[in-house]
Amino acid sequence: MSSECDGQPSLKRPRTDDHPPADNILTRSPDVWYDDGNLIVIAESTMFKVYMGRLSQSSSIFCDMFCVSTSSGGDHIDGCPAVHLPDSAEDVTHMLRAIHDWQYYPQSEIQSFSAVRAFLRLGKKYDIPFLWNEASRRLRAELPASLPEFDGIPEGWVHVDLLETPWGDTINLARETGLISILPCVFLFCCTRNDFMEWVDDDDGDLSSEDQVRCYRGRDRMSSYYLKSTFGWLLKDDPHPEDSYCRNGSTRCRMSKLKLFFSRATNLELICCVGSWRDSWGVGLCSECLESGEKSFADSRVECWSKLPSFFDLPPWEELKIDNAST
1 MSSECDGQPS
11 LKRPRTDDHP
21 PADNILTRSP
31 DVWYDDGNLI
41 VIAESTMFKV
51 YMGRLSQSSS
61 IFCDMFCVST
71 SSGGDHIDGC
81 PAVHLPDSAE
91 DVTHMLRAIH
101 DWQYYPQSEI
111 QSFSAVRAFL
121 RLGKKYDIPF
131 LWNEASRRLR
141 AELPASLPEF
151 DGIPEGWVHV
161 DLLETPWGDT
171 INLARETGLI
181 SILPCVFLFC
191 CTRNDFMEWV
201 DDDDGDLSSE
211 DQVRCYRGRD
221 RMSSYYLKST
231 FGWLLKDDPH
241 PEDSYCRNGS
251 TRCRMSKLKL
261 FFSRATNLEL
271 ICCVGSWRDS
281 WGVGLCSECL
291 ESGEKSFADS
301 RVECWSKLPS
311 FFDLPPWEEL
321 KIDNAST
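Just so it is clear: in the sequence shown, position 254 is 254 by UniProt numbering, and no numbers are missing.
Worth double-checking, as some hints may not be accurate.
What the hints assert, rightly or not - Only pairs whose alpha carbons sit at most 35 Å apart, straight line, appear in this in silico DSBU-like list of lysine-lysine: (1) Lys-228 with Lys-321; (2) Lys-259 with Lys-295; (3) Lys-321 with Lys-295; (4) Lys-307 with Lys-321; (5) Lys-259 with Lys-321.
Stated by the list, open to error - The following label-pair restraints were derived from C-beta to C-beta distances: (6) Glu-210 with Asp-64: 34 to 40 Å; (7) Val-213 with Asp-35: 50 to 56 Å; (8) Ile-25 with Pro-316: 29 to 35 Å; (9) Ile-110 with Asp-35: 14 to 20 Å; (10) Ser-60 with Asp-195: 55 to 61 Å; (11) Asp-206 with Asn-133: 24 to 30 Å; (12) Glu-288 with Asp-206: 21 to 27 Å; (13) Asp-195 with Pro-316: 29 to 35 Å; (14) Asp-201 with Ile-25: 37 to 43 Å.
By construction, these hints were calculated from the structure, which means they are not laboratory data.
Bear in mind that the values here come from a model prediction, so they are computed numbers and not experimental data.
No residue lacks a Cβ here, since even glycine has one placed at the ideal position from N, Cα and C.
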């Protein structure tokens, strides 16, 4: 991972004779405070007492910073050198707890979005590979970049709890950290919400106006593709029923196809054009029409997946998959 980062932690230790304003009094973290620690980390108004060696081993950024700061002297807090980080106390809590007690975040268990966000954001910023790798693994598993992986997603969230997470936060995080391969799936899930109209105009204000436009355009493009391609085979009439492969002489199957088409056309909240085939769609079709329909549907899914980024004005999959995998 790159050792470059924005917003480097301050190398200047706080002066012990400085008196912060009353509304900015420092408080001890209830989660990360080791009595025998040898370093005070300050984020916002929260102090963490940790082990300098642990941070140095985990992060090249911290290692370099401590080499400079320990040689430059400075004041102390609670008998330890102190450094300020320009990050949220929540993010720093997750980062420091993971570095000092990784078992707190079992790999086999689902993790909160706040924890994964902190791992990804600070793992990149402070060059902590194991945090970045764990966070990116979890997000890519939930928001994959290939159709076979998408088909393998289980019901519900397994790796990251995204149930109550504003999708705007996920989109912003992907852009901030360079994990852009998850964006098509994020937008896909956004546009297939039953409450799409209410959500896209609200989303707690976290969705930018540009991404709101992407959602509207993407949904419109997916709707068009959904009816013209995914279910376009339902409108294809056989010009020569007497020579048709259809065992029902095409009339019965044609009626079944039209009913299915209009049922889909009037339920555009279900426009997931990369969704799986449902057995109920074959009701009323002969075996030949069913086989032909399933093949057309499967071919359309593959094509739709390849077009998915373009629906949202994103780069093609080949570029998105590069993201920051080598960072």
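Hints versus structure:
Between Lys-228 and Lys-321, the direct Cα distance comes to roughly 28 Å. Compliance with the 35 Å bound is thereby established for this hinted pair. The suggested pairing of Lys-259 with Lys-295 holds, with an alpha-carbon distance near 19 Å, which does not exceed 35 Å. Simply put, Lys-321 and Lys-295 have alpha-carbon atoms about 28 Å apart, close enough for the 35 Å limit, and the pair holds. With a C-alpha separation of about 14 Å, the suggested pair Lys-307 and Lys-321 falls inside the 35 Å cut-off, and the hint holds.
Between Lys-259 and Lys-321 the alpha-carbon distance is near 39 Å, which puts this suggested pair outside the 35 Å criterion. Checked against the hint of 34 to 40 Å, the C-beta distance between Glu-210 and Asp-64 comes to roughly 36 Å, which is consistent with it. Remark: the range hint 50 to 56 Å for Val-213 to Asp-35 is upheld by a beta-carbon distance near 53 Å. Between Ile-25 and Pro-316 the beta carbon distance is about 52 Å. The supplied range of 29 to 35 Å is therefore violated.
Hint check: Ile-110 to Asp-35, Cβ distance near 32 Å, so the stated range 14 to 20 Å is violated. For Ser-60 and Asp-195, the hinted distance range of 55 to 61 Å is not satisfied, since their beta carbons lie about 45 Å from each other. A C-beta distance of roughly 26 Å is found between Asp-206 and Asn-133, which places it inside the suggested range of 24 to 30 Å. Checked against the hint of 21 to 27 Å, the C-beta distance between Glu-288 and Asp-206 comes to roughly 50 Å, which is inconsistent with it.
A beta carbon spacing of about 30 Å between Asp-195 and Pro-316 agrees with the range 29 to 35 Å that was offered as a hint. The hinted range of 37 to 43 Å is satisfied by Asp-201 and Ile-25, whose Cβ atoms lie roughly 40 Å apart.
In terms of the numbered hints stated before, the structure departs from hints 5, 8, 9, 10 and 12, listed from lowest to highest.
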